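Undergrad: Spelled out, the chains give:
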Amino acid sequence: MRDWNIQARSRQARLARASSLAKGKEIGAADVAALLEAVLEPGDRVCLEGNNQKQADFLARALADLDPEKIHDLHMVQSVLALPEHIDVFERGVASKLDFSFSGPQAGRLAKLVGAHRIKIGAIHTYLELFGRYFVDLTPRVALVCAQAADRAGNLYTGPNTEDTPVIVEATAFKSGIVIAQVNEIVETLPRVDIPGGWVDFIVQSPKPHFIEPLFTRDPAQISEIQVLMAMMAIKGIYAEYGVDRLNHGIGFDTAAIELILPTYAQSLGLKGKICRHWALNPHPALIPAIEAGFVESVHSFGSELGMEAYIRARPDIFFTGADGSMRSNRAMCQAAGHYACDLFIGSTLQIDLAGNSSTATLGRIAGFGGAPNMGADARGRRHASPAWLKAGREARAGRNLIPRGQKLVVQMVETFREHMQPAFVERLDAWELAETANMDLPPVMIYGEDVSHILTEEGIANLLLCRTDEEREQAIRGVAGYTPVGLGRDKAMVENLRDRGIIRRPEDLGIDKRDATRDLLAARSVKDLVRASGGLYDPPKRFRNW
Amino acid sequence: MEKLIYEFDGGAPVKATQGPAIVGVVGSGNLEVLVEPENLGGRCVVEILTAARGFGDIWKAVLEDFFARHKLADLRISINDVGATPAVVSLRLDQAVESFLGGAS
Chain A
1 MRDWNIQARS RQARLARASS LAKGKEIGAA DVAALLEAVL EPGDRVCLEG
51 NNQKQADFLA RALADLDPEK IHDLHMVQSV LALPEHIDVF ERGVASKLDF
101 SFSGPQAGRL AKLVGAHRIK IGAIHTYLEL FGRYFVDLTP RVALVCAQAA
151 DRAGNLYTGP NTEDTPVIVE ATAFKSGIVI AQVNEIVETL PRVDIPGGWV
201 DFIVQSPKPH FIEPLFTRDP AQISEIQVLM AMMAIKGIYA EYGVDRLNHG
251 IGFDTAAIEL ILPTYAQSLG LKGKICRHWA LNPHPALIPA IEAGFVESVH
301 SFGSELGMEA YIRARPDIFF TGADGSMRSN RAMCQAAGHY ACDLFIGSTL
351 QIDLAGNSST ATLGRIAGFG GAPNMGADAR GRRHASPAWL KAGREARAGR
401 NLIPRGQKLV VQMVETFREH MQPAFVERLD AWELAETANM DLPPVMIYGE
451 DVSHILTEEG IANLLLCRTD EEREQAIRGV AGYTPVGLGR DKAMVENLRD
501 RGIIRRPEDL GIDKRDATRD LLAARSVKDL VRASGGLYDP PKRFRNW
Chain B
1 MEKLIYEFDG GAPVKATQGP AIVGVVGSGN LEVLVEPENL GGRCVVEILT
51 AARGFGDIWK AVLEDFFARH KLADLRISIN DVGATPAVVS LRLDQAVESF
101 LGGAS
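Chains A and B, in that order, are what the protein sequence lines are. Letter by letter, the first sequence follows residues 1 to 547 of my numbering. Letter by letter, the second sequence follows residues 1 to 105 of my numbering.
Since the hints were made in silico from the structure, they are not lab data. Bear in mind that the values here come from a model prediction, so they are computed numbers and not experimental data. Among these hints, one or two may not hold up.
Stated by the list, open to error - DSSO-like, lysine-lysine: derived pairs with alpha carbons at most 30 Å apart:
1) B:Lys60 <-> B:Lys71
2) B:Lys60 <-> B:Lys3
3) B:Lys3 <-> A:Lys236
4) B:Lys60 <-> A:Lys492
5) A:Lys528 <-> A:Lys542
6) B:Lys15 <-> B:Lys71
7) A:Lys492 <-> A:Lys528
8) B:Lys71 <-> A:Lys492
9) A:Lys70 <-> A:Lys208
With the hints as extra help, turn the sequences into a complete structure.
TA: Okay, here's the thing in structure tokens:
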């Protein structure tokens with residue numbers, strides 16, 4: 001007769017091997033290696049909590065230091081490879097296979113080890129896609145997660161950076177897996193329970209508080225006049241045109257500039273209360289002036305941001321907070337919100353080709369996607385209407401015999417030249433060559449051209465929704481590609497025709513006087529200004545303090 | 001450093017409402033533009049001192065477009081460039097000329 005309970009019995013056997021190490025659910029920091037050896041088996045699928053921001057760094061180090069004679073060929077499934085240890089586990093032979101989403105900080109080392117056949121990549125995912133697979137064919141046997149505090153029953157308090165913890169623990173705990181949490185402290189009573197203790201098998205107090213990266217802090221002092229000009233175009237040429245009220249921003253300086261001119265430029269256009277009220281966004285410090293000016297009604301976040309804790313606590317009408325007052329973030333929920341409940345995504349990229357495909361892949365770096373493909377894609381399953389969504393859909397369908405539906409606004413915002421005069425517009429994406437050298441099934445495209453509605457550069461806005469042929473689309477892109485080889489290769493007559501039809505719009509076509517594009521428009525021109533705007537509640541990390 | 005000189009014909013003489021206009025400061029940004037009237041026989045002369053070599057074609061294209069936007073004559077434009085992108089160059093040129101003309105854009 002078939003045994004229907006193999007996973008649960010495996011779990012019991014693993015727990016039995018670890019029983020002598022634990023006092024209740026508590027494990028001493030010195031016993032972590034022994035615990036991992038007891039509960040892990042070669043070939044296990046392991047989720048190591050590597051988020052965008054908080055990191056299970058103590059457990060990561062312990063995993064990397066295991067004896068590969070005993071524990072080897074682990075299959076790592078994790079959102080982000082941020083720490084050196086995330087690569088060390090492969091270099092030292094503890095793990096051999098990887099399914100992940102983003103590897104920005106470790107992209108170079110990852111590419112090297114893939115080239116040396118030390119890491120076999122299953123696939124590169126978006127966050128939501130990887131989380132989805134945790135519940136289908138990539139369910140972890142063991143999850144190593146990270147929280148701010150635990151009580152002795154194993155209840156976890158994640159603090160503001162809940163991020164990926166709920167989805168990881170849910171997938172593991174309810175499929176007979178084992179959940180181990182590193183915490184900064186073990187306390188009698190938690191401020192609130194983010195993960196129920198019944199889902200957690202072991203807790204260990206790490207010798208040092210876990211690492212958190214302030215990933216979303218942009219110093220306004222570094223925003224250029226070109227970025228101010230582009231931000232003005234975004235607000236007047238897109239946000240106001242479509243009535244964009246629910247949105248997600250990327251993390252660069254381009255979009256920080258938009259956030260910082262809402263209380264000045266957008267206010268002067270009478271747009272307060274008409275645009276940018278609801279956000280799926282990490283608590284960007286650059287959003288403080290717009291919040292204080294009354295532009296913003298709600299912000300749900302993927303994760304938190306260092307230094308924003310007290311400010312968020314003091315603005316519970318805006319942010320999602322627990323009964324204890326601190327923020328509750330959740331990457332899976334916010335990704336779903338960004339995909340289905342937002343009318344616009346705007347973000348930057350490294351390369352755009354003639355069809356509008358956009359990629360951040362460069363040779364020698366396997367960086368992954370993170371959440372951008374879900375934010376920056378038309379939600380084909382969306383059914384609720386909004387003015388912005390309907391207008392975009394009408395533009396894309398005008399003159400074609402199609403049933404009416406809406407479309408998401410997906411805006412790629414780039415200066416035509418990046419640093420060191422690297423053109424942002426190219427005939428062929430580096431992604432093609434990376435796919436060949438790293439033996440990928442497909443070139444790693446972050447946002448497909450078919451999903452891009454507008455390309456915004458310092459030269460103007462190309463509305464791809466209105467293009468009817470591949471040739472028009474190509475010339476619309478060339479027509480805003482500035483002095484890059486792609487831009488210089490434009491058909492000038494056709495570009496002027498596109499301009500007459502409103503497919504390309506220059507700043508002057510939008511009634512924007514370039515002389516107004518100065519840093520004076522920024523509601524905060526320094527980190528100190530942001531602190532001031534927050535009434536002293538924002539407490540920036542040391543590296544952003546220069547006073 | 002590389003020195004580039006471009007000349008344009010066919011513009012109309014302009015009347016400045018104020019003296020020479022300097023826009024942009026090398027110290028804080030990456031480009032300095034000086035616009036001054038001079039009797040050049042109807043030509044417009046642009047002199048560029050640039051830190052980045054090998055971008056002559058791009059400078060030429062930027063300036064041709066600039067001249068198409070502003071049909072100027074008898075004007076000397078001096079540019080001191082420390083690695084500005086074409087976007088910054090265009091913006092600064094427009095700002096310099098517009099402030100030189102006193103807002104008649």
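Undergrad: Now tell me, hint by hint, if it's right for this structure.
TA: Consistency of the hints with the structure:
1. At most 30 Å may separate the alpha-carbon atoms for a hinted pair to count; B:Lys60 and B:Lys71 meet this at roughly 16 Å.
2. The suggested pairing of B:Lys60 with B:Lys3 holds, with an alpha-carbon distance near 13 Å, which does not exceed 30 Å.
3. Distance hint between B:Lys3 and A:Lys236 is unfulfilled; the C-alpha atoms sit about 39 Å from each other, more than 30 Å.
4. At most 30 Å may separate the alpha-carbon atoms for a hinted pair to count; B:Lys60 and A:Lys492 meet this at roughly 17 Å.
5. Proposed proximity of A:Lys528 and A:Lys542 is supported: the alpha carbons are some 12 Å apart, at most 30 Å.
6. For the proposed pair B:Lys15 and B:Lys71, the alpha carbon gap of about 13 Å is at most 30 Å, so the pair holds.
7. Only pairs whose Cα atoms come within 30 Å are accepted, and A:Lys492 paired with A:Lys528 is rejected, the gap being roughly 46 Å.
8. Annotation: proposed proximity of B:Lys71 to A:Lys492 holds, straight-line Cα distance about 19 Å (limit 30 Å).
9. Restraint check for A:Lys70 and A:Lys208: the C-alpha separation of about 27 Å stays at or below 30 Å, so the hint holds.
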